[in-house]
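K.L.:
Each chain is listed here by its residues.
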Amino acid sequence: MFPGEALDYRHDIRLHSASRWPTRLSLAQFREVTGEPAWPDFLGPWLKGDALEYFCNGRLHYEIRGIHVALECRWDWQTEAGDDTHNASYRGTRARLELRQGKVEGYRAQLYVVPQADIAGALERRVAALQAELPGIGIDRRGGEWQVTVPDALRRGHEAHFAAFTRRFLAYVENPQSVPKRFRPNLLAKYFVTTEGVALSHRS
Amino acid sequence: MPKPHLVLIDPGHFHAALVQKEMYPGLSPEAYVYAPLGPELIDYLGRIARFNAQSEAPTRWQLQVQAAPDFLARLAQEPPGGIAVIAGRNGVKIERIEAAVAAGLHVLADKPAIIRREDLPRLEAVLTLAEERGLVMHDLMTGRMSEISRAIQALRNDPEIFGEPVPGNAAEPGVSLSNAHQLLKTVAGVPNRRPPWYFDISEQGEGLADTGIVSGRGARLPA
Chain C
1 MFPGEALDYR HDIRLHSASR WPTRLSLAQF REVTGEPAWP DFLGPWLKGD
51 ALEYFCNGRL HYEIRGIHVA LECRWDWQTE AGDDTHNASY RGTRARLELR
101 QGKVEGYRAQ LYVVPQADIA GALERRVAAL QAELPGIGID RRGGEWQVTV
151 PDALRRGHEA HFAAFTRRFL AYVENPQSVP KRFRPNLLAK YFVTTEGVAL
201 SHRS
Chain B
1 MPKPHLVLID PGHFHAALVQ KEMYPGLSPE AYVYAPLGPE LIDYLGRIAR
51 FNAQSEAPTR WQLQVQAAPD FLARLAQEPP GGIAVIAGRN GVKIERIEAA
101 VAAGLHVLAD KPAIIRREDL PRLEAVLTLA EERGLVMHDL MTGRMSEISR
151 AIQALRNDPE IFGEPVPGNA AEPGVSLSNA HQLLKTVAGV PNRRPPWYFD
201 ISEQGEGLAD TGIVSGRGAR LPA
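Keeping their order, the protein sequence lines are chains C and B. So for the first sequence, my numbering puts the first residue at 1; every next one is plus one. So for the second sequence, my numbering puts the first residue at 1; every next one is plus one.
Derived from the structure by calculation, the hints contain no laboratory data. Cβ coordinates follow ideal geometry from the N, Cα and C atoms, glycine included. There could be a bad hint or two in this list.
As the list claims (entries may be wrong) - Derived, one-sided and incomplete: chain B residues facing chain C with beta-carbon distance under 10 Å:
hint, residue
1, 62
2, 80
3, 83
4, 112
5, 118
6, 147
7, 207
Just chain C, with the same shape it has in the complex (with noise of 0.2 Å):
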């Protein structure tokens, strides 16, 4: 959002609204996803009849540096997707970046630029400048947008990343001093965002 800067969470940030809901889970379900034979009795607090309350979902508005964001996370048993999926929309003045993981795209992410202003030139500037790090990267007119479309060869998966970030991760192992400066404060942006979204969400 802010590349290569660095957030202070003490003055970066608002919060403005949070909720919270549950995603209702029958014993059935809970045993077919545990083997547990029944509930335990940690989880008194949390049945309601026969079902448990499970507090999985929120919905959170704040600000960072004047920027409103809007956060939505779900848990379901089963999602029609079959998997996990995630949406996001990054609006610039020039162009609105969106990730979409819909039924249009087959619950695969796929990523669209939705121009604002004339930015074709620029963009198959970028995406030809992508290649030597992206091999196959592609955009193709859609309409009023443009898919950027990612070739299966690279997409190599969930389970994957992480040996990719492992390896990463041993990279700074072996040279502590080549973190980046802007790692420690910006995962407690990232935590004080979450943290204060469900105390909020509590007092909603």
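Since chain C is already given, all that's left is putting chain B on it; use the hints.
P.N.:
Using the frame of chain C, we list chain B on its own:
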């Protein structure tokens, strides 16, 4: 200098095992595991055994397992310089991060590192201590590695494409992020059992504290 080794602390989430889905040239094949003896440890061991047996690029992990209720106290005897991998119970994760840094270990902690606002000062303190000791502490944000995430960053950082961020307002925010996770899923071809404590929000954290730390496929929490 000997290669550093992994130190698994109570691996209660399959993300711990996924770190070991392949071998790393800079890392010892020997890993140390400290955990209570229970179904989560057995699940973890099963996953590592499967990675060692997989036909494509099998891993070669050797595990030294200390399975005892006082596993965290035993961790104190661990020689410094190793790399703690912490993925499991979120409510007590900060204690385990503190114990690992006290033992002189680098820390790779699955998200979320904390789920309660009162733990933020503890997180800040342990980050400071780690820095003073030359240790690296980071949370496992695999979403940053995704191809789409990298493409979003490249376009976002190009002023001729993105321009300036639009602040927006409550009704039309400058940034909108949403995720939907499913409780029942299959991981690495195996139906994924979740431990019963997963459904205790004081242990797992509520939605905003848990998956609010968005990890997947490019949808990143600003900050």
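K.L.:
All hints, please: hold or fail.
P.N.:
Okay, the hints, checked on the actual structure:
no.: 1; hint: 62; result: violated, 18 Å
no.: 2; hint: 80; result: violated, 12 Å
no.: 3; hint: 83; result: holds, 6 Å
no.: 4; hint: 112; result: holds, 7 Å
no.: 5; hint: 118; result: holds, 8 Å
no.: 6; hint: 147; result: holds, 5 Å
no.: 7; hint: 207; result: holds, 4 Å
This entry does not satisfy hints 1 and 2, going by the numbered hints stated previously.
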